[in-house]
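Peer 1: What follows is the residue order along each chain.
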Amino acid sequence: MSDIVTVDWYLILAAALFAIGVAGVLIRRNALVMFMSIELMLNSVNLTFVAVSKELGLIEGQVAALFVMVVAAAEVTVGLAIIVAIFRLRASANVDELAELKG
Amino acid sequence: MAEAVTFGIFAIVALAGAVTMLVAKNPVYSAVGLLSAMFALAVMYILLDAHLVAMVQVIIYAGAVMTLFLFVIMLIGVDNPNAYGPRPVSQSIVTWVVAGVFFAAIVLAGSGAWVTGSAAFGTADLNGTIENVADEMFGTWTIVFLSTVMLLTIAAVGTIALAYFTGADDDEAAA
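Listed in order, the protein sequences are those of chains A and B. When the letters of the first sequence are read in order and numbered with the numbering used here, they come out as residues 12 to 114. When the letters of the second sequence are read in order and numbered with the numbering used here, they come out as residues 0 to 174.
Calculated directly from the structure, the hints in this document are not laboratory data. Some clues are possibly wrong.
What the hints assert, rightly or not - Some but not every residue of chain B turned toward chain A, in silico, with C-beta under 8 Å:
1. Val52
2. Val71
3. Ile72
4. Ile75
5. Leu125
6. Gly157
7. Ala162
Ideal Cβ placement from N, Cα and C applies to all residues, glycine included.
Put together the whole structure using the sequences plus the hints.
Peer 2: This is how it looks when you write it as structure tokens:
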């Protein structure tokens with residue numbers, strides 16, 4: 012591997028993706044798109060794990076990335092089930108309509 | 000040099016996909032943008048010699064998770080994005096300031112860390128093959144692995160419960 016691309020590049024890319032994910036959670040009103048933004052943030056953290064794993068020569072970073080993927084898969088299952096359940100009650104996936112606790 | 004070119008191309012793909020996900024009116028376009036970002040990240044993992052993570056990224060994220068997302072989008076339909084009118088300008092400004100502060104804080108914190116000071120990036124002998132990752136995962140981290148098994152079981156049971164007990168009419172029938 013050449014020395015041109017250093018670990019900083021990967022970390023800055025991961026930071027940019029994480030910031031875009033934060034912006035997505037803050038500005039979008041569709042629950043599905045907010046959920047996708049959370050997935051993007053999890054992915055950017057995975058990139059950080061793998062890049063630092065390479066930098067330090069430790070395989071643990073890749074193991075951690077795999078565990079994050081497992082947790083993300085479980086989270087997607089439950090989250091999408093909640094969104095579908097809300098949609099069946101309210102006929103909408105817009106979070107602005109969920110401003111009250113009444114079911 | 001080839002690595003730098005590959006990194007540049009797929010970094011642009013990843014960022015473009017993420018921005019598409021952020022700004023697209025239609026959730027289907029958002030899903031496709033996120034999909035391209037995930038494929039680009041798989042290429043990054045291969046550049047970093049994490050072959051197993053790259054394969055799992057394509058199979059689990061780009062395959063299973065995004066299929067599930069698209070399925071739910073098609074199931075519940077696409078909301079009318081103009082139902083509430085545009086957001087107040089002040090709210091958008093606050094959002095971009097918060098996101099920019101996040102980005103700046105991460106870069107600042109990272110640039111001060113000792114990890115970025117090393118010149119020997121990638122010289123360590125590391126190869127993320129299935130054998131190497133499995134040695135670590137099923138050796139040192141067996142308990143964590145078993146916890147994820149429990150987590151997945153709980154998630155599956157919770158999803159079935161959510162699907163079964165939703166809605167007042169269903170509650171009567173289920174009880």
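Peer 1: All hints are to be evaluated individually against the structure, with a verdict given for each.
Peer 2: Hint-by-hint comparison with the structure:
1. Val52: 5 Å, holds
2. Val71: 5 Å, holds
3. Ile72: It holds, given that the least Cβ distance between isoleucine 72 of chain B and chain A is near 6 Å, below 8 Å.
4. Ile75: 4 Å, holds
5. Leu125: 5 Å, holds
6. Gly157: 5 Å, holds
7. Ala162: 6 Å, holds
Consistency with the previously given hints is maintained throughout, with no hint failing.
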